[in-house]
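Chemist: If you read the protein sequences in the order shown, they are chains A and B. Quick note: the first sequence uses the working numbering, first residue 104, plus one each step. Quick note: the second sequence uses the working numbering, first residue 59, plus one each step.
Be aware that one or more of the hints could be misleading.
[Said to hold, decoys possible] In silico lysine-lysine, DSBU-like type, Cα no more than 30 Å apart, as pairs: (1) B:Lys271 / A:Lys281; (2) A:Lys281 / A:Lys209; (3) A:Lys135 / B:Lys275.
[Stated by the list, open to error] Here are some chain B residues pointing at chain A (derived, C-beta under 8 Å): (4) Met277; (5) Thr278; (6) Ile302; (7) Thr306; (8) Phe316; (9) His319; (10) Gly326; (11) Ala556; (12) Ile611; (13) Leu612; (14) Asp694.
[Claimed, not checked] Covered stretches of chain B, as calculated for chain A (at least 3 residues, CB under 8 Å): (15) 190-197; (16) 255-267.
Hint data in this document are derived by calculation from the structure and do not stem from the laboratory. Here the structure is a predicted model, which is why all the values come from computation and not from measurement. Don't be surprised by glycine CBs; every beta carbon is placed ideally from N, CA and C.
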Amino acid sequence: MTDATIAYPHSDPHHLRGMEASGVEHAGPPSKRIVTGYGFWIFILSDMVMFSAFFATYAVLLGQTAGGPSGRELFNLRNVAIETAFLLASSFTCGLATIAADLRHKTWFHLAMGVTCVFGLAFLAIEASEFADLVARGAGPTRSAFLSAFFTLVGCHGLHVSAGELWLLTMMAQVFAKGFRADIQRRILCFALFWHALDIIWIAVFTIVYLLGSAS
Amino acid sequence: MLGKLSWSAIPIDQPIPLIAAGVVLVVILAVLAWVTLKGYMPYLWREWITSVDHKRIGIMYILLAMVMLLRGGSDALMIRVQQAIAYQSNGYLPPEHFNQIFSAHGTIMIFFVAMPFVIGLMNLVVPLQLGVRDVAFPTLNSVGFWLTATGALLVNVSLVIGEFARTGWLPFPPLSELTYSPGVGVDYYLWSLEISGVGTLVAGINLVTTVLKLRTKGMTYLRMPMFCWTTLASSLLMVAAFPILTATLAMLILDRYFGFHFFTNEAGGNVMMFMNLIWAWGHPEVYILVLPAFGIYSEVVSTFSSKSLFGYRSMVLATMAICIISFMVWLHHFFTMGAGPNVNAIFGIASMIIAVPTGVKIYNWLFTMYGGRIRFATPMLWSVGFMVTFIIGGLTGVLVAVPPADFLLHNSLFLVAHFHNVIIGGVLFGAFAGLTYWFPKAFGFRLHEGLGKAAFWFSLIGFYVTFMPLYAAGLLGMTRRMQHYDVPAWRPWMIAAAIGFVLLMIGIGFQVLQIVVSILRREELRDRTGDPWDGRSLEWATSSPPPVFNFAILPDVHGEEAYWAIKSRAKQQELEKNEPHYEDIEMPRNSPTGFVCAFFATVMGFALIWHIWWMVALGFVGAFATFVVFAWRDHDEYVIPAAEVELIDRANMAERRALASQPGTA
Chain A
104 MTDATIAYPH
114 SDPHHLRGME
124 ASGVEHAGPP
134 SKRIVTGYGF
144 WIFILSDMVM
154 FSAFFATYAV
164 LLGQTAGGPS
174 GRELFNLRNV
184 AIETAFLLAS
194 SFTCGLATIA
204 ADLRHKTWFH
214 LAMGVTCVFG
224 LAFLAIEASE
234 FADLVARGAG
244 PTRSAFLSAF
254 FTLVGCHGLH
264 VSAGELWLLT
274 MMAQVFAKGF
284 RADIQRRILC
294 FALFWHALDI
304 IWIAVFTIVY
314 LLGSAS
Chain B
59 MLGKLSWSAI
69 PIDQPIPLIA
79 AGVVLVVILA
89 VLAWVTLKGY
99 MPYLWREWIT
109 SVDHKRIGIM
119 YILLAMVMLL
129 RGGSDALMIR
139 VQQAIAYQSN
149 GYLPPEHFNQ
159 IFSAHGTIMI
169 FFVAMPFVIG
179 LMNLVVPLQL
189 GVRDVAFPTL
199 NSVGFWLTAT
209 GALLVNVSLV
219 IGEFARTGWL
229 PFPPLSELTY
239 SPGVGVDYYL
249 WSLEISGVGT
259 LVAGINLVTT
269 VLKLRTKGMT
279 YLRMPMFCWT
289 TLASSLLMVA
299 AFPILTATLA
309 MLILDRYFGF
319 HFFTNEAGGN
329 VMMFMNLIWA
339 WGHPEVYILV
349 LPAFGIYSEV
359 VSTFSSKSLF
369 GYRSMVLATM
379 AICIISFMVW
389 LHHFFTMGAG
399 PNVNAIFGIA
409 SMIIAVPTGV
419 KIYNWLFTMY
429 GGRIRFATPM
439 LWSVGFMVTF
449 IIGGLTGVLV
459 AVPPADFLLH
469 NSLFLVAHFH
479 NVIIGGVLFG
489 AFAGLTYWFP
499 KAFGFRLHEG
509 LGKAAFWFSL
519 IGFYVTFMPL
529 YAAGLLGMTR
539 RMQHYDVPAW
549 RPWMIAAAIG
559 FVLLMIGIGF
569 QVLQIVVSIL
579 RREELRDRTG
589 DPWDGRSLEW
599 ATSSPPPVFN
609 FAILPDVHGE
619 EAYWAIKSRA
629 KQQELEKNEP
639 HYEDIEMPRN
649 SPTGFVCAFF
659 ATVMGFALIW
669 HIWWMVALGF
679 VGAFATFVVF
689 AWRDHDEYVI
699 PAAEVELIDR
709 ANMAERRALA
719 SQPGTA
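Just chain A, with the same shape it has in the complex:
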């Protein structure tokens, strides 16, 4: 959108300086791509609020181990580091997919999305094996309030990644069948926002749950 100025004969006495960006008159609705991206940002914010409820719960229940194991005894930082590396790398390849979509290059797009998918699956596999291992050691979510909060917070992120995988495959199929139509481009934009937002949440999970949890 260009910020085309509309010339008005009289300046508006109700127009506060600094209230609107650069004092330019409002030019009407922007393009669909901007509106869609903006709406999706709002959704991501709401998702962050949901995660913050789970983070707050985790913080409250951190000490409530009910005589069971604490984070320090359970967390394996080496595994978590590998997990993190996979997820961050997948964000990088997702960025490459976005560039390929902008250039309307199908091969590179499918390649980059495919790698993103594999990295995401690797992340999920490590997380699943961690969960299975914890349950096998008698440290499942029903053992204590602390473990309930841990499984829910990390599992909620895992569910988001799984939903992202489903979305990713759908997008690949769509581009394969329909090409880079305008509405598909908008969906790719939203998917990329979603995938990167999951990274941001993971960094918070990594720091607050695993790093601080192993230290205490």
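Given the coordinates of chain A, work out where chain B should sit on it, guided by the hints.
Modeler: Only chain B this time, still in chain A's reference frame:
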């Protein structure tokens, strides 16, 4: 195969729910039969059920709210009658049934009456006021509505199949945990709110994006009508608060379904965490409801006083202040938790501070009326009735915001009277004002004025006779939700409240009558100009009902009160005679996505309640497939040719010119 579901789930031995459900079922079947026999089904499917038009979706939201108001009102009637006769006796409702009724009453009134009513009005009006053709995401809008309807449906299914929660409108643990509520009642509550909560979140995102991004040329933030501002504040609160509800209920679900320990008494669970989380959503929720109502009053008071809104800037500031402070007062719902004097003092003071911007608004409305040429039409009556009633509710609110006073009044009928005072006197009166004010815009004819006034007076007097006695009984020590009692001093107040409720019901009856009579006499109540009240904002600049594209040419806004300015200019310069240049208009195609998706959500919700796991998978796959099919379609828009736009617009312009040329109208 069917999880916990068996024939014993149908309460054969309880006549009241069975008869009620039977009547409802007969009515639904009769309506369906009538619609099918008359051949309206294809029309309904094409024009309403699959519609993505914000006006149609808004009307469907309001219809849902009004139907649910009758359901919630029946619950209220049963509660009032029970408390009037259950003095030193068991009344006519056994405790387990009484508990379900007050839980269903609160749940339905908040989530399926107040919420859809205000969301419906925002949907209907905001795009028109902003001078645009639709909301930001039309299909998503339809999904949001149908998911809300799914939640309402599940709550009502619980009447016949199984039971509803007995835990109050907020399911406080540990009572709502599996140990103490082993039945499906709480599960009905949880899943219907999880599903309708998604619908509300979607509506919130949609409205925030619409207000912030979709405004016509020249419509800067400080030129938006007040209702758009309150919509923005309310939708921001939806986006920020509803995820907390989703997360909190999800935790309770995990406790109940998988034996987690968030809110249990054992293994380190923390009951008070539920209180904090649920009220961190719950308090913003009341502002989600009342802010749009404040916007409606602003529009109505200004229009019917024939003056601009007094203190527009301060009104904007007050709205946004309420939006922010509403997140800082949640602890006043449980001062008795024992957080200590300092914490209680901070939240008590914050609760009193939030009364300040509300007071600013009241003064602004009064000063808007001062010196104006006031017309006491029905919407204006609701607004004046609101101002008086809401001040009383606000004052008792400030009273319970004082922690020591709250220790005495906590969970008493005084509190019940307080929140009914602000929700009926604030939200419901506002919704009724908005309904009568914008009805001609939505349908092209006004509502019958005399019946509207009768409805107002019965509702107003009925409200006072019902709820003032509850204040008194609360001060005499009567706690809420009592199935029976033995204190003689409470009895007269309970009888008075029951009489008051009869008056309130007569008021509602007049409203139903008003709509029926108005439809029958629609030709004499017809509004041909699109501007029946001499309005000031852009929704009155188009015909009633507006064409599907709202505006033939998107208006160009030069100041506050956009339509008032256009009218004044037209009178002075006869500007509107110049011939506009019409262009093709692209509009989104209708789509059954919302309806089909909600169908699968209903299947999934029902299956989750009854632990029918294969059906859960079926519902999920169905919902996902629906979205993929939607994403796969090739044409998402259709074009209305310029010639057709011109034809529609010319007719309305002619009516409007005839009005503008009459002396003393604009």
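Chemist: Keeping to a limit of 30 Å between CA atoms, is the pair of B:Lys271 and A:Lys281 held or broken?
Modeler: Holds, at roughly 29 Å.
Chemist: Tell me if B:Thr306 is really an interface residue toward chain A, meaning its C-beta lies closer than 8 Å to one of theirs.
Modeler: 7 Å, holds
Chemist: Mind checking the CB of B:Gly326 against every CB in chain A and telling me if the closest is under 8 Å?
Modeler: With a closest approach of 3 Å, the B:Gly326 hint holds.
Chemist: Quick one, is the B:Ile302 hint okay against chain A at 8 Å, beta carbons?
Modeler: Hint holds; B:Ile302 Cβ to chain A Cβ min 5 Å, cut 8 Å.
Chemist: Between A:Lys135 and B:Lys275, is the straight-line Cα distance small enough, at 30 Å or below?
Modeler: 16 Å, holds
Chemist: Is the hinted pair A:Lys281 and A:Lys209 satisfied, with a Cα-Cα distance of at most 30 Å?
Modeler: Cα-Cα ~11 Å, so holds.
Chemist: Can you verify the interface hint for B:Asp694: is its Cβ closer than 8 Å to any Cβ in chain A?
Modeler: At about 6 Å, which falls below the 8 Å cut-off, the nearest Cβ of chain A leaves the hint on B:Asp694 intact, so it holds.
Chemist: Regarding the hint that B:Ala556 lies at the interface with chain A, is the smallest CB-CB distance below 8 Å?
Modeler: At 41 Å from the nearest chain A Cβ, B:Ala556 fails the 8 Å test, so the hint is violated.
Chemist: For the restraint on B:Met277, tell me whether the closest CB of chain A is nearer than 8 Å.
Modeler: Since chain A brings a Cβ to about 6 Å from B:Met277, closer than 8 Å, the hint holds.
Chemist: Counting residues of the segment 190-197 of chain B with a beta carbon closer than 8 Å to any beta carbon of chain A, are there 3 or more?
Modeler: Our answer is that it holds, as 3 residues pass the Cβ test (under 8 Å) against chain A, meeting three.
Chemist: Does the closest beta carbon of chain A sit nearer than 8 Å to the beta carbon of B:Leu612?
Modeler: 7 Å, holds
Chemist: Holds or violated: is the Cβ of B:Ile611 closer than 8 Å to a Cβ in chain A?
Modeler: Cβ of B:Ile611 sits 12 Å from chain A, so the hint is violated.
In this structure, the hints that do not hold are numbers 11 and 12, in rising order.
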